[in-house]
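Chemist: Sequence:
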Amino acid sequence: MSREKGKARQIIERLRFEEFKVLWVITAIGTIFYIGVVMEQIETGARIDTKKNTYLFLH
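Heads up, the sequence shown is in our numbering, so the first residue is -17 and it goes up one at a time.
Keep in mind the hints are simulated off the structure, nothing from the lab. Any given hint could turn out to be false.
As the list claims (entries may be wrong) - Between beta-carbon pairs, the in silico distance windows are:
no.: 1; residue 1: Q(-8); residue 2: T26; range: 17 to 25 Å
no.: 2; residue 1: E25; residue 2: R(-4); range: 22 to 30 Å
no.: 3; residue 1: A(-10); residue 2: T13; range: 30 to 38 Å
no.: 4; residue 1: L(-3); residue 2: T26; range: 32 to 40 Å
no.: 5; residue 1: F15; residue 2: I(-7); range: 33 to 41 Å
no.: 6; residue 1: R(-9); residue 2: E25; range: 14 to 22 Å
no.: 7; residue 1: G12; residue 2: A(-10); range: 18 to 26 Å
no.: 8; residue 1: Q23; residue 2: R(-2); range: 32 to 40 Å
Using N, Cα and C, we set each Cβ at its ideal position, and we do this for glycine too.
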């Protein structure tokens, strides 16, 4: 009796790198862009002047 492969394993076998190079490249570029946006947001968030923001909030 042969052991059936799981659904996730079958999907991974279908998504071989050679067959879906464009999809993998787009995914990699999107991931890098997303990480860059998050890193920029963290840096920008660290430079917020609380006095200025309080003043803008109250007026």
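Chemist: Compare the structure with each hint and give your call.
Modeler: Results for each hint:
For the pair Q(-8) and T26, the supplied restraint of 17 to 25 Å is violated, since their beta-carbon distance comes to about 43 Å. Taking 22 to 30 Å as the suggested C-beta distance range, the pair E25 and R(-4) does not conform, at roughly 40 Å. In this structure the supplied range 30 to 38 Å is violated for A(-10) paired with T13, their Cβ-Cβ distance being about 20 Å. Between L(-3) and T26 the CB atoms are about 36 Å apart, so this pair conforms to the stated range of 32 to 40 Å.
A hinted range of 33 to 41 Å is violated for the C-beta pair F15 and I(-7), which are about 25 Å apart. Distance hint check: the CB atoms of R(-9) and E25 are about 40 Å apart, inconsistent with the given range 14 to 22 Å. Evaluation of the 18 to 26 Å hint for G12 and A(-10) yields a pass: the beta carbon distance comes to about 21 Å. Between Q23 and R(-2) the C-beta distance comes to about 35 Å, which sits within the given range of 32 to 40 Å.
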